[in-house]
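Use these hints to put chain B with the ligand onto chain A, whose structure you have.
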Amino acid sequence: MAQMTYRDALRQALREEMLRDERVFLMGEDIGAYGGSYAVTKGLLDEFGEKRVRDTPISETAIIGAGVGAAMMGLRPVVEIMTINFMLVALDQVINNAAKMHAMFGGQFNVPMVIRTVGGGRRLAATHSQNLEPLLAHIPGLKVVAPATPYDAKGLLKASIRDEDPVVFIEHSLLFSTKGDVPEDDYVVPIGVSDIKRRGRDVTIVAHSRMTVEALAAAEKLAQQGIEAEVVDLRTLRPLDMGPVLDSVARTNRVVIAGEDWKSFGIGAEVAARIQEEAFDYLDAPVLRVNQAEVPLPYAANLEKLAIPDRDDIVKACLEVLHIQIGSPAAVS
Amino acid sequence: MENRHAALGLTDQDVLEMYKKILLTRMFDERTWILNRMGKVHFVISGQGQEAAQIGAAWALRPGKDWVLPYYRDLGVVLTLGMTVRELMLMNFAKAGDPNSGGRQMPSHWSHVGLNIFTGSSPVATQLPHATGIAYAAKLRGDDIVVWTSFGDGTANKGDTHEAMNFAGVHQLPVIFFCENNGYAISVPKDLQMAVDDVATRAAGYGFPGVVVDGTDVFEVYRVTKEAVDRALRGEGPTLIEAKVYRFTPHSSDDDDRTYRDPEEVARQREHDPVRKLREYVLAHGILTEEEDQRLKQEFEAEIDAAVEYAEAAPDPDPSDLVRHVFAQ
Ligand SMILES: Cc1ncc(C[n+]2csc(CCOP(=O)(O)OP(=O)(O)O)c2C)c(N)n1
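Protein chains in written order, with this note's numbering: chain A, 14 to 346; chain B, 2 to 330.
Bound conformation, chain B alone:
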């Protein structure tokens, strides 16, 4: 297998870290489903199948420096940027210590002040204008930062998406619009969402480049995102990146995907599992051995167990705080 990472300036250690993130992301996600089915965690919305896109993109960003406005499937993004398993379990259990919001926001509507992660509203696409605004502020203040925001293919069709991109194009803002195209918006297939093959082609209408990338290929996603970051930092404006991915799970814990897609289609797509792809790569390049891989899994299993135990025992939000946070204090 060809060495693809060295040419991108990635060391073996980098690739090992990327693999750890993708493995941890998958394992955390799977555990959240189990907790949901046990009745312990109320809601799951999952990124399984989209992790390589998330980790490849996040790897090109500077945690705590660049601003990141992820969407609800981006567990891999927030773990790569540095949110911890414990923090995310506190979020799942809506505990007082949840760093996102102290149990106020829905799970997976991530935020983290220290890591510059910005929460999104339930109506989709509303984070895109915010990303444009953060980039606008950065430009006005001369800050040396990039803003990265993500969204699904269905969300590409909302007015907010168009307005945010057009605004960013007019002012050549340092923002990256990252579309994780998994082919469905809940049940509605791509062909009922848009009359073009690629979301990325729309960038032409806003005056900046649009790039299509295989979202199961962590290195390609890293490469195109890094290029977009560099462009933005040079003052050359936004980029729209479209990562082609597939969602392995139902839309959320409230959905039954058998009503709108054939389980065989899902099985076929699972053959391109991005976690397995990266595992094969690290094994083939001697970055990791089978035994080390097993040990990693045990380590993560233990870390997740400990986080679940901690979060379950952690205090709920204080009832006397019910009407806090309505206005600034």
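Next comes chain A alone, as it looks inside the complex:
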């Protein structure tokens, strides 16, 4: 299997689907000659031409709205919104239109489009580095995907392009250069299936997107103290697959949920609520969440670092649900 970056895996998914299905086309700002702000579409203009790789004006409402129209006419638009912050100016097209068109037509039309966008960010301040996935995951009619690894990025993007419904596909700005095993051939990772990324018996860490990577690093650190953490990567936020989470909780009885989003009304709030609804009897400790500080993210490096959760915060929360004093020898059996 090839080692590939998250960025290259995404590009391969786009390319394979464009070769497979001539209805697939791309639209977005700076995706052509420039190859995309995060270089995902590099080379695709040369290979597929302007008809299928279209640079657009700075007009997010038109980009997403035109995607809705083209999808309803039977094409398979994959539109790129440079970052999730810029999707906010066009949320009406996402929430009132893409998400609801199928229902508003009484099921007679589908909207098979993908909105690719990027969350997270460093040194870009409050209006340019947000993790707004809860806002979108809240909406019936949208599918929301947030892969953490190159393998999942490729497989989920291919599944999203083939899906009959609108999918918001959220990449993470800090993951593009991360590497992992990615098959060169055709495969999909189904939407709506969570994945256990590491086995462990002592505590369950639930995460998505980049926090999955942090959770795996936290699990390594915990292992050095003799604590075995299980890491469940949600991969898709809506529809949310709680199966692997509940299975894991039944075995570990302790849960930490890590997200780069804000804690209040975030992804962790939903996961925690479902755990107490469906696995209350298995819990030996309150479910803890690790999230970003509830403040518009400051630009200054020292404040930003304090605001964003990392592996050490996850380790701390795990020790807490295990009732282990930080600094004392681990005592888990």
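If you're looking for bench data, these hints aren't it; they were derived computationally from the structure.
Note that CB positions come from ideal geometry on N, CA and C, so glycine has one too.
None of the hints are false.
The calculated SDA-like cross-link candidates involving lysine to any residue, where the alpha carbons are at most 25 Å apart (straight line), are: (1) Lys276(A) x Pro320(B); (2) Lys318(A) x Phe328(B); (3) Lys55(A) x Arg262(B); (4) Lys318(A) x Ala97(B); (5) Lys276(A) x Ala329(B); (6) Lys55(A) x Thr250(B).
Which chain A residues face chain B? A few, computed with CB under 8 Å, are given here: (7) Glu42; (8) His141; (9) Pro311.
These stretches of chain B come out as covered by chain A in the derived footprint (C-beta under 8 Å, 3 or more residues): (10) 110-124; (11) 156-162; (12) 186-195; (13) 313-321.
Using the frame of chain A, we list chain B with the ligand on its own:
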């Protein structure tokens, strides 16, 4: 060389001050790139090539009285209005003493309370509706002010831009929409952004004048902006001004412009360098000598050095302030 400034009511001293601002703007901008490449300043977004438009426009405004909503390339605007080299270096280094936001906002998203400079959000065009709102408030309160806001040609194509201008047109508000058209929105050339030659033609659809001006000509920009200010103060409503400029640098410190434009194109455009143009003018009119020009450069070099030293040593924001400024206190 013909004397062009006297007819505009500008004295030799005014022109000298304009030249000082354009020189300082360029030198500060260049230094910020160096600091970025040294790893000291995280982010640069540059106005090189657009300075004459910025200084010509700002010269027609009344600092601390009129309201100004610049966009990220407008270093020349904020320096002309009176922000200091030290203040802007504190901004670049995101220090506690940064007057824009105490290190919270991105650099070049300028603000200054005393100078009525209003910060903009990262999503482009959002400052235009604010400008309309400030002008609306001024009209309701009968304030004798003008609001000036700027944006790029790419930003002209956002819904916010249309809505802000239409609203301002309906209510004949005292606002100037100033487009710095440098021909690109990051990599996307103008022809993929719009099907018209000039952004200014759109003003007709909003019921106010649209004016195209050579943005490398500081005097022409001053003249048309002054006219727009006077119109606004007479209660005759908004003006859309489009200054044709060129961006000499990559879009920002995160960009490599060789992927989308030929370096020869940039070299050709550099022949119309607005800083050099104004230097030639002041030299030709005896407003400044070569020696004085050299001394000015040394003076500014020293001022920038001192600001860098000061900003580097200045305290970072206090970590215990992390969750401050979420709600009014
Ligand atoms: C709503 C929104 N979409 C996309 C971006 C990303 N972006 C930042 S600057 C820029 C180009 C702006 O071009 P223009 O308005 O012509 O100004 P210039 O940078 O050329 O001076 C883009 C696309 C953004 N900041 N906001």
